[in-house]
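Enquirer: From first to last, the protein sequence lines stand for chains A and B. So the first sequence is numbered by the working numbering: it starts at 1 and just counts up by one. So the second sequence is numbered by the working numbering: it starts at 218 and just counts up by one.
For the record, the hints were derived by calculation from the structure and aren't laboratory data. Note that beta-carbon positions come from the ideal geometry of N, C-alpha and C, so glycine has one too. The reader is advised that the hints may include incorrect statements.
Here are the computed distance ranges between Cβ atoms for each label pair [to be verified]:
{"#": "1", "chain 1": "A", "residue 1": "V144", "chain 2": "B", "residue 2": "A309", "range": "32 to 38 Å"}
{"#": "2", "chain 1": "B", "residue 1": "P361", "chain 2": "A", "residue 2": "L76", "range": "47 to 53 Å"}
{"#": "3", "chain 1": "A", "residue 1": "V152", "chain 2": "B", "residue 2": "V342", "range": "41 to 47 Å"}
{"#": "4", "chain 1": "B", "residue 1": "L490", "chain 2": "A", "residue 2": "G170", "range": "49 to 55 Å"}
{"#": "5", "chain 1": "B", "residue 1": "E350", "chain 2": "A", "residue 2": "M58", "range": "38 to 44 Å"}
{"#": "6", "chain 1": "A", "residue 1": "F105", "chain 2": "B", "residue 2": "F456", "range": "33 to 39 Å"}
{"#": "7", "chain 1": "A", "residue 1": "K48", "chain 2": "B", "residue 2": "Q362", "range": "42 to 48 Å"}
{"#": "8", "chain 1": "A", "residue 1": "R61", "chain 2": "B", "residue 2": "R345", "range": "28 to 34 Å"}
{"#": "9", "chain 1": "A", "residue 1": "F105", "chain 2": "B", "residue 2": "N425", "range": "44 to 50 Å"}
{"#": "10", "chain 1": "B", "residue 1": "R345", "chain 2": "A", "residue 2": "T42", "range": "46 to 52 Å"}
{"#": "11", "chain 1": "A", "residue 1": "P190", "chain 2": "B", "residue 2": "Q307", "range": "55 to 61 Å"}
{"#": "12", "chain 1": "B", "residue 1": "V450", "chain 2": "A", "residue 2": "I164", "range": "25 to 31 Å"}
From chain B, some residues computed to sit far from chain A (all C-beta separations above 10 Å) [as the list claims (entries may be wrong)]:
{"#": "13", "residue": "Q314"}
{"#": "14", "residue": "R347"}
{"#": "15", "residue": "M373"}
{"#": "16", "residue": "F376"}
{"#": "17", "residue": "L423"}
{"#": "18", "residue": "Q488"}
{"#": "19", "residue": "R489"}
Pulled from the structure, derived: some chain B residues nowhere near chain A, Cβ distances all over 12 Å [said to hold, decoys possible]:
{"#": "20", "residue": "Q303"}
{"#": "21", "residue": "W313"}
{"#": "22", "residue": "S321"}
{"#": "23", "residue": "Q343"}
{"#": "24", "residue": "E350"}
{"#": "25", "residue": "P354"}
{"#": "26", "residue": "K356"}
{"#": "27", "residue": "Y422"}
{"#": "28", "residue": "H455"}
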Amino acid sequence: FPGLADVSISQDIPVEGEITVPVGSHSPDEDYSTLDEPVKDTIMRDLKAVGKKFVHVMYPRKSSALLRDWDLWGPLVLCVSLALMLQGGSADSKDDGGPQFAEVFVIIWFGAVVITLNSKLLGGTISFFQSLCVLGYCVMPLTVAMLVCRLVLLAGAGTISFIIRLIVVGAMFAWSTLASTAFLADSQPPNRKALVVYPIFLFYFVISWMILTFTPQ
Amino acid sequence: RWGRAGPGAAGPGPAGADTVSAPAQGGGSAVIDMENMDDTSGSSFEDMGEMHQRMKEEEEEEAEGEAGAGEEEDGEFLGMKGLRGQLGRQVADQMWQVGKRQASRAFSLYANIDILRPYFDVEPVQVRARLLESMIPVKMINFPQKIAGELYGPLMLVFTLVAILLHGMKTSDTIIREGTLMGTAIGTCFGYWLGVSSFMYFLAYLCNAQITMVQMLSLLGYGLFGHCITLFVTYNIHFHSLFYIFWLVVGGLSTLRMVAVLVSRTVGHTQRLILCGTLAALHMLFLLYLHFAYHKVVEGILDTLEGPNMPPFQRVARDIPVVSNAVLNTTAKAIALTL
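Chain B extracted, bound-state conformation:
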């Protein structure tokens, strides 16, 4: 119908051309759809008003012709719709094929694990070197430090953390909650790694820091090495003062390294402060949470359970409740005082 406007189409020419060219791409059946759709695609309000006015004039002039053509067209369209079979089926078939093609293309694009292959291209010596480096804070913060965008090390560290958490839960817990504890361990570790990385990447984007998502994942993943060491030691030796020392020293070292690398890649004091403060807080608090949350779970269960078949090594944990409650209270007070 737009095409039939004839010489009056000079005004909305581009708009009309858009609507005419678009159906041509869609295929045979789409032409009818586009023509009969009451859309304003590509045409402005003024053009619409003009077109309507022109159409009214044309209708007055060529009343019969227009009406006849319009009716013919409508009749044709009704006829096809009335048939219902062919048009509907054609459209549905085309849409199905297009959808299937798009889905298979998307699947082959995203499910292709070759995308991840470059991030796993490491040697064992490199992994070992990076593990050790993650505990050493860099001194040079005026020059952007290099971060290796590698995912093997962080992934293995997250799985190791899961295993250590399970070990800790087992040595200080009875076996009841085995199912839910495993789920929570995996969920906690992966949730921390992926969630905090995404959040820090978002903050880095806001603060104009030069870091990509993979680099952020890698940095945070290697920072979990300190967590692994701390938890591995303190889940076996149940002294809270030892845990605090490890928390400050080991956790602090890995946090300092991550913070220094981020600072070297950010410009501006406020931005540096925001980024590093957030990362330091989240990282240290996570270690605190991992230590105390699972001890608290332990205390709750041990208080309610008396099992005659408890393995002997579990008795160590029973001495904790009194001490840890006092410690938790003093910690909470200390944090409240500093804040």
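Isolated chain A, as found in the complex:
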């Protein structure tokens, strides 16, 4: 394999990127005073950061804010709400829906970890948690789709409702994939974008399929 001749696994290849937030813009006084600020300020600051990221997902532009200040609050909230909404799909009263929550949770996080590892192994320059952050935030369109599906199913479950749900889920799936690709594919060498996009496509496809085939009882 001639292509492997120049692959070196030396220790000085950075496997992880920078995950510390550069605090150069803050003056030392502000750093010390954040300990004394009221709790409301701290919470509002975090909430604003999370909200800004949601906006970034809704309008995917190539901005580095999502990547720089990564946090996992948004993905956690989205994952939990999606898993909660996907419960209650069991027809049998013996099933308490417990495994469904755990399965959705595990699939989302395990899938995100696998995609991150894959993109790192393919030579990506993004760090582990940044990638997890992006993938988690891009589940938001699918959570919206789940909400819409539940509302549509309240009206009844027929062919028309299925078609509506199919269209909505399909659109949100495309949006999720495009949003995450916009952030993640930039960190790859240009000729390998397809190799990174495919697992993301598969990941969101599985989640979309779970949403589409959900029938409440």
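Here the structure of chain A is known, so what remains is to put chain B in place on it, guided by the hints.
Expert: Chain B alone, transformed into the frame defined by chain A:
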């Protein structure tokens, strides 16, 4: 104590040297341990007997000196043991540090994903080419065929197979078993890929075939491409005759390719037969299992459930039970006849 044997140490010299040099590596506290351990490391039975005899003679000669030194030594040792704090703590501390060092070294060695990096060094065109090649059996089996040791393609194919299995289970099933079905899908696919690869690697080792583990993983992984195509088509179009055609043609092609590559790397008729027979059987039977096992699960559930909220596309599967039972019976009979 061995060291004090003096000139008599010429016989068990090497053995004694071993036991003397070993403690020196272990550090201060280990010397005492080694000296007081009743071990036979490095010394043979005859030497032991000789040493014991010599010790007895020496004890008779220098009864007081030996006894005194022995007691002194024992007293010293007892003293340290009696203190209990220092020696015990030192030993424990050293063992903890050594253990921690070893664990962190092992962790940094094995958890370093850079080990896997060379196996993911592929281009999209290469992956596409290999996918297509996996369906084309090679003709030249007298010359060892090249297998690319790459893990990206096989890994993605296994995940695709998992997704297709989930899709198949959803379109022909109600949503109850969602949790367990997902777990079984992932477990089945990964279990097949890793388990059968390991088993075939072991057989290849027994049959002297020239193949490494990564190459085996890669070969079997790309062979799953045929499975993916077959299942993707037949989970959407529920005709059993169509499935049989796909099973024979698509499954057969990918099996032939894997078999041809293995044959080209093995010498000897018996070995070739064993390897290829096993691989062909496992590969084809897996496809059969994937198709029928999940249909059977479907039939069992559909018979017991009547749900008013079933999506319309599920009704297709309900027509299967009668046909598939008959087909399954004839298949079983046919297999029994051929065996």
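Enquirer: All hints, please: hold or fail.
Expert: The hints, checked one at a time:
1. A:V144 x B:A309: 32 to 38 Å: 57 Å, violated
2. B:P361 x A:L76: 47 to 53 Å: Hint holds: Cβ distance 52 Å, inside 47 to 53 Å.
3. A:V152 x B:V342: 41 to 47 Å: With Cβ atoms ~42 Å apart, the hint holds.
4. B:L490 x A:G170: 49 to 55 Å: 50 Å, holds
5. B:E350 x A:M58: 38 to 44 Å: Once the Cβ atoms are compared, 43 Å apart, the range 38 to 44 Å for M58 of chain A and E350 of chain B holds.
6. A:F105 x B:F456: 33 to 39 Å: 38 Å, holds
7. A:K48 x B:Q362: 42 to 48 Å: 60 Å, violated
8. A:R61 x B:R345: 28 to 34 Å: Between R61 of chain A and R345 of chain B, where Cβ atoms are some 31 Å apart, the hint holds.
9. A:F105 x B:N425: 44 to 50 Å: Holds, at about 47 Å.
10. B:R345 x A:T42: 46 to 52 Å: Because 51 Å falls inside the window, the suggested range holds.
11. A:P190 x B:Q307: 55 to 61 Å: 58 Å, holds
12. B:V450 x A:I164: 25 to 31 Å: Roughly 28 Å apart at Cβ, these two residues keep to the hinted range, so it holds.
13. Q314: The claim holds: Q314 of chain B sits with its nearest Cβ about 23 Å from chain A, beyond 10 Å.
14. R347: 13 Å, holds
15. M373: 6 Å, violated
16. F376: The assertion about F376 of chain B is violated, with a minimum of 6 Å to chain A.
17. L423: 27 Å, holds
18. Q488: Its Cβ never comes within 10 Å of chain A, the nearest being 26 Å, so this holds.
19. R489: 26 Å, holds
20. Q303: Holds: least Cβ distance 39 Å, greater than 12 Å.
21. W313: The claim holds: W313 of chain B sits with its nearest Cβ about 26 Å from chain A, beyond 12 Å.
22. S321: 14 Å, holds
23. Q343: Label violated. Min Cβ-Cβ 9 Å, cutoff 12 Å.
24. E350: Holds: least Cβ distance 16 Å, greater than 12 Å.
25. P354: 23 Å, holds
26. K356: Correct as stated: the minimum Cβ-Cβ distance to chain A is 24 Å, above 12 Å.
27. Y422: 22 Å, holds
28. H455: Label holds. Min Cβ-Cβ 17 Å, cutoff 12 Å.
In the structure shown, a violation is registered for the earlier hints numbered 1, 7, 15, 16 and 23, in ascending order.
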